[in-house]
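Visitor: These are the residues of each chain, in order.
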Amino acid sequence: MITLNQPDVHTRPAPLAAKFGPYGGQFVPETLMPALAELCQAYEHLREDVHFQRHLQHLQRTYVGRPTPLTHAHRLSEHLGGAQIYLKREDLAHSGAHKINNALGQALVAQRLGKRRIVAETGAGQHGVASATAAALLGLECVVYMGTLDIARQQPNVLRMRLLGAEVRPVESGSRTLKDAINEAIRDWVTNVENTHYLLGSALGPHPYPSMVRDFQSVIGQEARQQMLAQVGKLPDACIACVGGGSNAIGLFQAFRGDEMVALIGVEAGGLGISSGKHAARFADARLGRPGVLHGTYTYLLQNEDGQVAETHSISAGLDYPAVGPEHAYLRDIGRARYTSANDSEALDAFQMLARLEGILPALESAHAVAEAMRLAPGLRPDQALLVNLSGRGDKDLDTVMKALPDSAFRNGERS
Amino acid sequence: MKGTEHIADAFRRSQVEGRTAFMPYFTLGYPTPELSVEIVCALAQTGAGLIELGIPFSDPLADGPTIQHSTQVALEQGVTVRRCLEMIRQVRERGVVQPLILMGYYNPILAFGLERYVQGAWDAGADGLIVPDLPLEEAGALEATCREAGAALIYLAAPTSSAARLKQLAERTSGFLYLVSLTGVTGARRELSDGLGSFVRQARAVAHTPLAVGFGVSTPEQVSRVGKMADGVIVGSALIQAARDGQDAVAGVQQLAGKLSMAC
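Residue numbers (the working numbering), protein chains in the order written: chain E, 3 to 418; chain Y, -18 to 245.
Hints listed in this document are in silico derivations from the structure and should not be mistaken for laboratory results. Here the structure is a predicted model, which means the values were calculated and not measured. The beta-carbon is built from N, C-alpha and C at its ideal position, and this holds for glycine as well. Incorrect hints may have been included.
Which stretches of chain Y does chain E cover? Using the computed rule of at least three CB atoms under 8 Å from a CB of chain E, they are [claimed, not checked]: (1) 106 to 115; (2) 164 to 177.
Label-pair restraints from in silico Cβ distances [as the list claims (entries may be wrong)]: (3) ALA122(Y) <-> SER278(E): 34 to 44 Å; (4) ALA122(Y) <-> HIS47(E): 23 to 33 Å; (5) ALA138(E) <-> ARG171(Y): 26 to 36 Å; (6) GLY67(E) <-> GLU152(Y): 48 to 58 Å; (7) GLN(-4)(Y) <-> GLU46(E): 44 to 54 Å; (8) ASP226(Y) <-> ALA286(E): 41 to 51 Å; (9) MET(-18)(Y) <-> ARG289(E): 40 to 50 Å; (10) HIS47(E) <-> ALA144(Y): 18 to 28 Å; (11) ARG56(E) <-> ARG171(Y): 22 to 32 Å; (12) GLU46(E) <-> GLY176(Y): 26 to 36 Å; (13) PRO71(E) <-> ASP175(Y): 53 to 63 Å.
If we strip away everything but chain E, and leave its shape as in the complex, we get:
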């Protein structure tokens, strides 16, 4: 029987490592190495600094609205006729996604470093909005790089960032998505490194970013674990989260890593299907997905035979990225987590299902995790539990969904 008062071994952050097995590292131009060293040193100190952590926790409570609730998805569970599904409601965090956890943490780090300007990249726009939000709160200058393809499909978030006082700079190069926005953000950082902090939005990039972002996101799993124990009286049988760069997933997994009975499942974007080549499933595609170096880190990467980074596709801009956070590559290697994929249409089905049965419009990214839960639940017993990280809300995706779904989905007053 698991007691409700766990020792804090589960809540203390894991030690900082530059590498996770063979993955991770610092593959960046020399110009940035001193900035990374400075950031490492500052962050190693701040993660142990009681005042810093208290300040962050205060803002999480009074500004972000933490803890976010754990919702038992009754009707969805009943409909699927198997395991009980619980949703960790990061969609209810201020600015609409888990991204604020990291943005606020790093903005506070930037402030401590004396850097008055932050640059960020964004795909779906959620990290851009979170960065713009944190910058507004702390009075920092904020520039967000965003691919023009993503600008076209995430208009509401572009407008939100501008209203929050950020400058959105369109990126025309390459595939005009998240990958190219990161290239541009890094180029800006290389140029303005003296006064600028790069507020990287996922658990990737050079050390210490994968560890720092994981730490700031690990509040998700810490809360969810306590909430499961308090509300359900036990731990879930599996934790499920979508994996683009993988920050919401690593943030959920972290608190459960020591709980060997809890399966950890990451869901990549299957796009139009793995065999189509149009996807962002780094682990699922043995032909294109091999370890390599992109954006400062050694990890699984979609690339052609010649080491050129492959173009990706996903209906969700936030998962549309060719590399995965290095710690995920490691968790997969050691068998602690497993990774699967959901394609565009499965994510859309999950999106609709959650809307109609639970009254929640999930982000299309998070809908990938819901899709995996929908696949697994019917094969499990009703006394088993799946914990799904509902990493963001779907308002930003209405345009995409309107284009992707048939008119019948929008018929008046129909409940399936």
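Take the given structure of chain E and dock chain Y to it, following the hints.
Guide: Same frame as chain E, but now just chain Y:
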């Protein structure tokens, strides 16, 4: 002769002539594979001491828009590492004798295989490598492979590098030390950075190889000023731009390179 010795000879020759070694950069495969071979051969005729050749990568995060454009055009034409090595071989067959330095990002090197890449480059006629996203901390394996093959692995030092790092970079580089003139990406700038003089002096105090300055150097005037401080000067984006602007890419590059070389 080893690549490192070939490079040392080139700097020595420039020194004897009382000049700064002129090191033009050009992207292999731009504007087409055939034309890039022509351009490199033309560059060799302009008094270049060494030539730096870019291996295209899809995500060149240390490069500004001009070189990005060139590598993207090259990739769109299907240029691969293997194809680049063929082009180097052609350049050698056409009688280019200067040291050839390959500038390429790490992932294509990893995908090709470190040993296979270094050996392939060596067999094709290259003398050294520059890998802009491979700092000291991650370069152990490639450094060992290069040393074994006698090829140079040239490190970049930046204005942000601390004195301690600068010393390490100076100790571990081979061939020459590449001084990044500014805090930023490649590409033409109106002015040279203010701190360049003291940066070069700082590097000089710890270096046991020649010093070459690159990034943001584009005009004969800038080349001449850099020449008063350093042993070599690297110009890239301006030459790509010259190939892009004119009717005749080869003539355009050759004309600008001639002027730059005269200023050395």
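Visitor: Each hint: holds or not?
Guide: Outcome of the hint check:
1. 106 to 115: holds (count 3)
2. 164 to 177: As far as the segment 164 to 177 of chain Y goes, the hint holds, because 3 residues have Cβ atoms under 8 Å from chain E.
3. ALA122(Y) <-> SER278(E): 34 to 44 Å: holds (35 Å)
4. ALA122(Y) <-> HIS47(E): 23 to 33 Å: holds (32 Å)
5. ALA138(E) <-> ARG171(Y): 26 to 36 Å: Holds, at about 34 Å.
6. GLY67(E) <-> GLU152(Y): 48 to 58 Å: holds (53 Å)
7. GLN(-4)(Y) <-> GLU46(E): 44 to 54 Å: The hint (44 to 54 Å, Cβ to Cβ) holds, given that GLN(-4)(Y) and GLU46(E) are roughly 46 Å apart.
8. ASP226(Y) <-> ALA286(E): 41 to 51 Å: Between ASP226(Y) and ALA286(E), where Cβ atoms are some 45 Å apart, the hint holds.
9. MET(-18)(Y) <-> ARG289(E): 40 to 50 Å: 42 Å Cβ-Cβ, so the 40 to 50 Å window holds.
10. HIS47(E) <-> ALA144(Y): 18 to 28 Å: holds (23 Å)
11. ARG56(E) <-> ARG171(Y): 22 to 32 Å: violated (48 Å)
12. GLU46(E) <-> GLY176(Y): 26 to 36 Å: Distance hint for GLU46(E), GLY176(Y) holds at roughly 29 Å.
13. PRO71(E) <-> ASP175(Y): 53 to 63 Å: holds (55 Å)
Hint check: a violation occurs at hint 11 only; the rest are consistent with the structure.
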